[in-house]
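Peer 1: The chain contents come next:
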Amino acid sequence: MSEKRPRSFYVLAAVFALFVLFLYGPVITILILSFQGPQGGLTFPMNGFSVHWFEQLWQGAGLVDISIGLWNSLKLGLLVMVLTVVFSVMAGLAFRRRFRGSTLLFYTAIASLIMPSIIVSLGIALEFHIVDDTVMKIADAYDVEWLYDNYQTATGLFTSGLGAHLSWTLPFGLLIMFAVFNRFDKSYEEAARDLGATSWQTIRHVVLPMVAPSVVGVALFGFTLSWDELPRSSQAMGAANTLPIQLQALTTTVTTPMIYALGTVTTAISLLVIATALTTVFIVQKRRRRHGSDAGQGVV
Amino acid sequence: MPPRTTDAAAPAAAARPRRRGRTGGAAPYWQAAPMALVFFLFFVLPLVVVLVVSFWKYNSYSITPAFILDNYTGVFDGCLVSLPSLCTTFATYLSTIKFCLIVWAVTLVVGFTIAYFLAFHVRTTAMQIVLALICIIPFWTSNVIRMISWIPLLGRNGLINQMLVGSGLVSHPVEWLLYSDFAVALAFVHLLTAFMLVPILNSMMRIDRSLIEAARDAGASGAQVLWNVVIPLSKTGIAIGSIFVITLVMGDFITIGVMGGQQIASVGKVINVETGYLQFPLAAANAVVLLVAVLGIIFALTRFIDIRKEL
Numbered sequence: 001m002s003e004k005r006p007r008s009f010y011v012l013a014a015v016f017a018l019f020v021l022f023l024y025g026p027v028i029t030i031l032i033l034s035f036q037g038p039q040g041g042l043t044f045p046m047n048g049f050s051v052h053w054f055e056q057l058w059q060g061a062g063l064v065d066i067s068i069g070l071w072n073s074l075k076l077g078l079l080v081m082v083l084t085v086v087f088s089v090m091a092g093l094a095f096r097r098r099f100r101g102s103t104l105l106f107y108t109a110i111a112s113l114i115m116p117s118i119i120v121s122l123g124i125a126l127e128f129h130i131v132d133d134t135v136m137k138i139a140d141a142y143d144v145e146w147l148y149d150n151y152q153t154a155t156g157l158f159t160s161g162l163g164a165h166l167s168w169t170l171p172f173g174l175l176i177m178f179a180v181f182n183r184f185d186k187s188y189e190e191a192a193r194d195l196g197a198t199s200w201q202t203i204r205h206v207v208l209p210m211v212a213p214s215v216v217g218v219a220l221f222g223f224t225l226s227w228d229e230l231p232r233s234s235q236a237m238g239a240a241n242t243l244p245i246q247l248q249a250l251t252t253t254v255t256t257p258m259i260y261a262l263g264t265v266t267t268a269i270s271l272l273v274i275a276t277a278l279t280t281v282f283i284v285q286k287r288r289r290r291h292g293s294d295a296g297q298g299v300v
Numbered sequence: 001m002p003p004r005t006t007d008a009a010a011p012a013a014a015a016r017p018r019r020r021g022r023t024g025g026a027a028p029y030w031q032a033a034p035m036a037l038v039f040f041l042f043f044v045l046p047l048v049v050v051l052v053v054s055f056w057k058y059n060s061y062s063i064t065p066a067f068i069l070d071n072y073t074g075v076f077d078g079c080l081v082s083l084p085s086l087c088t089t090f091a092t093y094l095s096t097i098k099f100c101l102i103v104w105a106v107t108l109v110v111g112f113t114i115a116y117f118l119a120f121h122v123r124t125t126a127m128q129i130v131l132a133l134i135c136i137i138p139f140w141t142s143n144v145i146r147m148i149s150w151i152p153l154l155g156r157n158g159l160i161n162q163m164l165v166g167s168g169l170v171s172h173p174v175e176w177l178l179y180s181d182f183a184v185a186l187a188f189v190h191l192l193t194a195f196m197l198v199p200i201l202n203s204m205m206r207i208d209r210s211l212i213e214a215a216r217d218a219g220a221s222g223a224q225v226l227w228n229v230v231i232p233l234s235k236t237g238i239a240i241g242s243i244f245v246i247t248l249v250m251g252d253f254i255t256i257g258v259m260g261g262q263q264i265a266s267v268g269k270v271i272n273v274e275t276g277y278l279q280f281p282l283a284a285a286n287a288v289v290l291l292v293a294v295l296g297i298i299f300a301l302t303r304f305i306d307i308r309k310e311l
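The listed protein sequences derive, respectively, from chains A and B. Taking this note's numbering, I'd label the letters of the first sequence as residues 1 to 300. Taking this note's numbering, I'd label the letters of the second sequence as residues 1 to 311.
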């Protein structure tokens, strides 16, 4: 295998390097520019070096309160992550056997993945709009006092917003679990069953530990996709704001490097999550190799 | 459940007839139920609602059930009469399709090249994983941030203009770099190449290496191997990647909005603006038309693939 590299290798390696530069270059420029001095502008040259714009961001600087969006996105992202993991693993287990409607469910997931988000978002908004109208009609018809007093709308971060995000993250989760279970050696389970394990014990002590690293991958997708989600949130959040929604609004109003500071912060949080997830997978794999456990071999 | 329940459960399990390979009893149904419910409530039902509401009536503060075609005639208002010149809707679709084709072609070439490099030129699996991750990590970060990160490069006083003016190539800063068709296409390529790269890489990793050796032994040149072996066997990945890229561009309103300086029309933007004015039935009719257009494209592309074989 140690034959000389063909010339095409070096050409393609150069193309790859350019591609990586293309991917990361712009983000690195805003990372640098977010440390502009207080007099600095949106472009180079750097006018001093400071954390001025991060301080501005922290204080809100008279603009919309970023912390609301930040909190909302964080809470929603964590919830979406947990639900994506649980629902995807469960569905992944289900898909190992044949069941009625499995093909329909699979293609629904694929359809949800490739459906233009604006259509899904509009649909969810309309759905909740109709729910609101219906509730008000019921309140009118039966003169329900407490509905008038308390009910405003069913639309919200943890109702329509949550659903919009799940319609986007679950297909990814399901596809990952599909890929995992297609490479899964069923003889481990059979061995467990032959040794007298119940089906729950087999899942709990054999299957889940083996697929654990992939579950981390599903969690990573669940959180990051929700954290950055914008098109499906656009119509479906109601009055609630998420960070990407606020960010998009800021692109038209903010003309200072503060927006870069915000970009640096969001990207840093994303990278932190990615690094945590990848490190976890790496450590789990390594520990398994060291302990000589056969669990997890052949699965990534 | 505590682990020590074997005594009671094992004989019961042993007594139960094994039904492997056939239906798996009730378990798959409750296991799949939560996901199915989410898709029903937040995907299938919304689509049905969009279809239904597209026939409804509306005024400035409410929508009412009806069965009228006014919203559709509204979408295609004057389209047939004014031919051969394009009505707003046709012009918008044409513009969106133009972006589709440009972005599809560029992401295909770039994605294929990068995937080919990773699959056939990088020798160790560890290095393949690391390099693939480098390509995928930006996908997990914010799209809006990745868009605005072009401002310091492409802007009127951006890095590229500074270099162009500084080197004397142009006397005035180039204006069309930012907030233009070019900026939109560039941002799309920046954001969407991962969607093309990953499926193609997935297909390529499944190609049996001995096929390529066989082709070489039979005297095929590098280009012949690429054209007659690698590309046909990557067809499914290419089709999946194409579906992703095309549907994402077709429905987009954010990238076109931010990178086009809110000056370029797109179908998604029309829908977004109409919902902003609470013209829900009109937006729904536009959404249905978009849906039909996208489904047509997907249908044409799925003739090449079986998604389940790829996982």
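Simulated from the structure, these hints should not be mistaken for lab results. Even glycine gets a Cβ: it sits at the ideal position worked out from N, Cα and C. One should not assume that every hint holds.
[Claimed, not checked] Below, a sample of chain B positions facing chain A; criterion: calculated Cβ distance under 10 Å: (1) A66; (2) L69; (3) V144; (4) W150; (5) G296.
[What the hints assert, rightly or not] In silico DSSO-like pairs for lysine-lysine, Cα to Cα no more than 30 Å straight-line: (6) B:K98 <-> B:K235; (7) B:K57 <-> A:K137; (8) A:K186 <-> A:K286; (9) B:K269 <-> B:K98; (10) B:K269 <-> B:K57; (11) B:K269 <-> A:K75.
Peer 1: The structure should be examined with respect to each hint, and the outcome stated for every one.
Peer 2: Now the hints, each set against the structure:
no.: 1; hint: A66; result: 14 Å, violated
no.: 2; hint: L69; result: 18 Å, violated
no.: 3; hint: V144; result: 5 Å, holds
no.: 4; hint: W150; result: 5 Å, holds
no.: 5; hint: G296; result: 13 Å, violated
no.: 6; hint: B:K98 <-> B:K235; result: 23 Å, holds
no.: 7; hint: B:K57 <-> A:K137; result: 18 Å, holds
no.: 8; hint: A:K186 <-> A:K286; result: 23 Å, holds
no.: 9; hint: B:K269 <-> B:K98; result: 16 Å, holds
no.: 10; hint: B:K269 <-> B:K57; result: 22 Å, holds
no.: 11; hint: B:K269 <-> A:K75; result: 29 Å, holds
Against the hints set out earlier in the document, violations occur for numbers 1, 2, 5.
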